[in-house]
Amino acid sequence: MDDMAEQLTERLASDLDDGFTELVRVHASAVRAFLFRVSGSAAEADDLGQDTFLRAYSALQTYSPERRRKLKPRAWLMTIAANVWRNHVRTSVRHPVSATRAEDACDTWVDESPGPEERAATSADRTVLVNALTELPEKHRVAVVMRHVIGMSYSDMAEAQGCPVGTVKAQVSRGIGTLREILTPEAAVLGEVTR
Amino acid sequence: MNYRNDEEERPAEGQLEHALADLAAPAPADFALRVLQRVGIPRERYDTYSHLDSAAGGLYVAYSPDAVTGSAVDTMVTDADEFERLHHARTGRTAIRASAPFPGLRPALRTGRAKRLPIDLGGLTDLECAVLHAVRSIPSGQLRPITWLAREASLPSAAGPIVKALAKNPVPMLIPCHRVTYEGGAPCDAAYAERVGDALRSAEGIDMHRLEELTLRGAVFLGSDTTRIYCHPTCAHARRITRPHQVPFRTAGAARQAGYRACKSCRPATV
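Line by line, the protein sequences give chains A and B. Taking our numbering, the leading residue of the first sequence gets 1, the next gets one more, and so forth. Taking our numbering, the leading residue of the second sequence gets 1, the next gets one more, and so forth.
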C-alpha cells in the first residue's frame with residue numbers, strides 16, 4: 001500500500017495528467033463514499049465529487065513537483081472534499097434553491113424519497129443508521145464518516161481537518177455517542193443512570 | 001457497576017462500527033470516468049475498461065480510444081482492482097472503469113470472431129507480434145498446431161520462441177491462443193491455466209474427446225476419399241466428412257503420396 005502511494009505521488013510529480021488519472025482511479029470511490037454518507041444523497045455526492053477533483057486538479061497545477069511528491073493524497077483529497085461539502089451547505093443555506101425551501105411552500109414536485117440507488121445502498125437495516133447519521137451535527141458527522149466509513153487514521157484525519165488529533169478523537173467519540181443515543185434511546189438513559 | 005456496564009457496551013460499539021464500515025458504498029461504474037471528463041484530461045492519456053460476459057465466463061477488456069489494449073479472464077485475476085494493477089504494470093497506462101464497451105467488442109465476443117477488432121500490441125517484439133497475428137487468423141471452433149503458426153507467420157518452426165510469444169499474449173480470448181496445440185494435438189495453454197483454456201475451448205464447441213480419439217487412431221490430418229482433399233481435423237470441411245469416408249493421415253507427405261491435396265481453407269501444408 002505504501003509502495004503504491006509512493007508510486008502515485010511520483011507519477012503526480014513527473015507527469016500531472018498521468019498521475020491525476022491514477023489519483024482518480026485509486027481515490028474516486030473513497031471521495032464519493034465520503035460525500036454520499038455526509039450529504040445523504042447520491043446525486044449530490046456525484047456533483048460534489050466532481051467538484052472536489054476539479055479543485056484538486058487546479059491546485060495541483062500550481063504546485064511544484066516537490067510539493068506534489070510530498071503530498072498525502074487521501075488526506076489531502078478529503079480536506080478538499082470536506083471543504084467542498086461545507087461550502088455547499090453554506091451556499092445552499094444562503095441561497096436556498098427551489099429544490100429545498102420554496103418548493104415546500106407550493107406543491108412539492110421533487111420526490112424526496114430515496115431513489116433507486118439510495119434504496120439499494122440502504123436496505124432495511126441500514127436506513128435507520130443512514131438517517132441517524134444525517135441527524136448528527138456537521139462536524140461530528142464528517143469525523144464519524146472519515147473514521148468509520150472511509151477508515152482513515154486519526155493522524156490523517158487531524159491533517160485533513162487541520163486540528164489536533166485529540167480534537168478529532170473527541171469529535172468521533174461524541175458523534176458515535178450521539179449515534180448510539182439516537183439508535184437506542186433506552187441505552188442512553190441506562191448509561192446516564194449508571195454514570 | 002461501572003465496569004460491568006463497560007463490558008456490556010463493548011459488543012454494541014463493535015456492531016455500530018461494523019455497520020458504519022458497511023456503508024462505504026462503491027461508486028457507480030462511470031463515476032471516475034465522469035470526473036476525468038469534467039476535469040478535461042485528454043482521452044488519449046488513459047485507458048478505459050469494462051467487464052463483459054461471454055460464453056466462457058466474465059472478461060475484463062481494457063481499451064484506448066482506438067484499439068483494445070489488454071484483457072483478462074475472470075479466473076486469471078482476483079478482482080477488478082488486480083486487473084487495473086496488472087494493466088498498469090504492463091502498459092504503464094491507468095485503466096478507468098467504464099460501462100460502455102469498445103465498439104464491436106460485444107459482437108466479437110458473442111460470435112468468437114475477433115479478427116477485425118483493432119488490437120494494440122505495442123511493447124511486443126516483431127516476432128511476438130507476427131505469432132499473435134497468425135493466431136488471430138485461426139477461426140472460431142478450430143485448432144491449429146504450432147508448426148502451422150510458424151508457416152503462416154513465415155518463422156522458423158522451432159517451438160520454443162513461438163510458445164514464449166504465446167505466453168506473452170496480452171489479450172486472452174480476443175487473441176485466441178486457446179486454439180493453438182502442440183504437434184501431438186495437446187492444447188498449448190501458455191498464457192493461462194489449462195482449465196481456463198478448457199473452458200474457452202468448450203465454449204466454442206471444440207470436442208476434445210473426438211480429437212483424442214482421432215489422435216489414438218493416428219490421424220493428425222483427416223482426408224475425404226470422395227474429394228481427395230485433406231484437412232486439419234477441426235476444419236469446418238473436415239467436420240463434414242462422414243465416418244465411412246474419413247481417411248486418417250499421420251503426415252502431410254503421406255496424404256500427398258496417396259494423391260490427396262491440402263485444403264485451401266485450413267492450409268495443412270503450403271498450398
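Fair warning: there could be bad hints in the mix.
Unchecked claim - Not the full set, but computed from the structure, chain A residues with beta-carbon under 7 Å of chain B: (1) Glu6; (2) Ser29; (3) Leu54; (4) Arg55.
Stated by the list, open to error - Quick list of the computed label-pair ranges, beta carbon to beta carbon: (5) B:Ser99 <-> A:Gly151: 25 to 33 Å; (6) A:Tyr154 <-> B:Gly160: 32 to 40 Å; (7) B:Arg90 <-> A:Thr167: 26 to 34 Å.
Unchecked claim - Chain B residues, not near chain A, derived (Cβ > 10 Å throughout): (8) Pro28; (9) Ala32; (10) Pro42; (11) Tyr46; (12) Thr75; (13) His88; (14) Thr94; (15) Thr147; (16) Tyr182; (17) His237; (18) Arg261.
These aren't lab readings, by the way, just hints derived from the structure by calculation. Note that this is a predicted model, so its numbers are computed, not measured. The C-beta atom is built at its ideal place from N, Cα and C for all residues, glycine as well.
Status of the hints after comparison with the structure:
Taking 7 Å as the C-beta cut-off, the interface hint given for A:Glu6 is violated, the closest approach to chain B being about 14 Å. Interface hint at A:Ser29: satisfied, since its Cβ lies 4 Å from the closest Cβ of chain B, which is below the 7 Å cut-off. Satisfaction of the interface hint for A:Leu54 is found here, the shortest Cβ-Cβ separation to chain B being roughly 5 Å, below the 7 Å cut-off. A least Cβ separation of about 10 Å between A:Arg55 and chain B goes past the 7 Å threshold, and the interface hint is therefore violated.
A hinted range of 25 to 33 Å holds for the C-beta pair B:Ser99 and A:Gly151, which are about 27 Å apart. Roughly 57 Å separates the CB atoms of A:Tyr154 and B:Gly160, a value that falls outside the hinted 32 to 40 Å. The beta-carbon spacing between B:Arg90 and A:Thr167, approximately 45 Å, falls outside the hinted interval of 26 to 34 Å. A cut-off of 10 Å between C-beta atoms contradicts the statement that B:Pro28 is not in contact with chain A; the least separation is 7 Å.
For B:Ala32, the condition that its CB be more than 10 Å from all CB atoms of chain A is violated, with the nearest at approximately 4 Å. Remark: the non-interface label on B:Pro42 conflicts with the geometry, its nearest Cβ contact in chain A lying 7 Å away (cut-off 10 Å). A beta-carbon of chain A is positioned within 10 Å of the beta-carbon of B:Tyr46; the least distance is around 4 Å. Against chain A, the non-interface label of B:Thr75 holds: every CB pair exceeds 10 Å, the least being about 23 Å.
Non-interface call for B:His88 relative to chain A: violated, since the shortest CB-CB distance, roughly 8 Å, does not exceed 10 Å. At roughly 4 Å, the least C-beta separation between B:Thr94 and chain A is not larger than 10 Å, which violates its mark as non-interface. Even its closest Cβ contact with chain A, about 43 Å, leaves B:Thr147 beyond 10 Å, as expected for a residue assigned away from the interface. Non-interface call for B:Tyr182 relative to chain A: holds, since the shortest CB-CB distance, roughly 39 Å, exceeds 10 Å.
Interface exclusion of B:His237 from chain A stands, the closest Cβ pair being 48 Å apart, more than 10 Å. For B:Arg261, the requirement that its beta carbon stay farther than 10 Å from each beta carbon of chain A is met, with the minimum near 56 Å.
Hint compliance for this structure: hints 1, 4, 6, 7, 8, 9, 10, 11, 13 and 14 are not met, and every other hint is.
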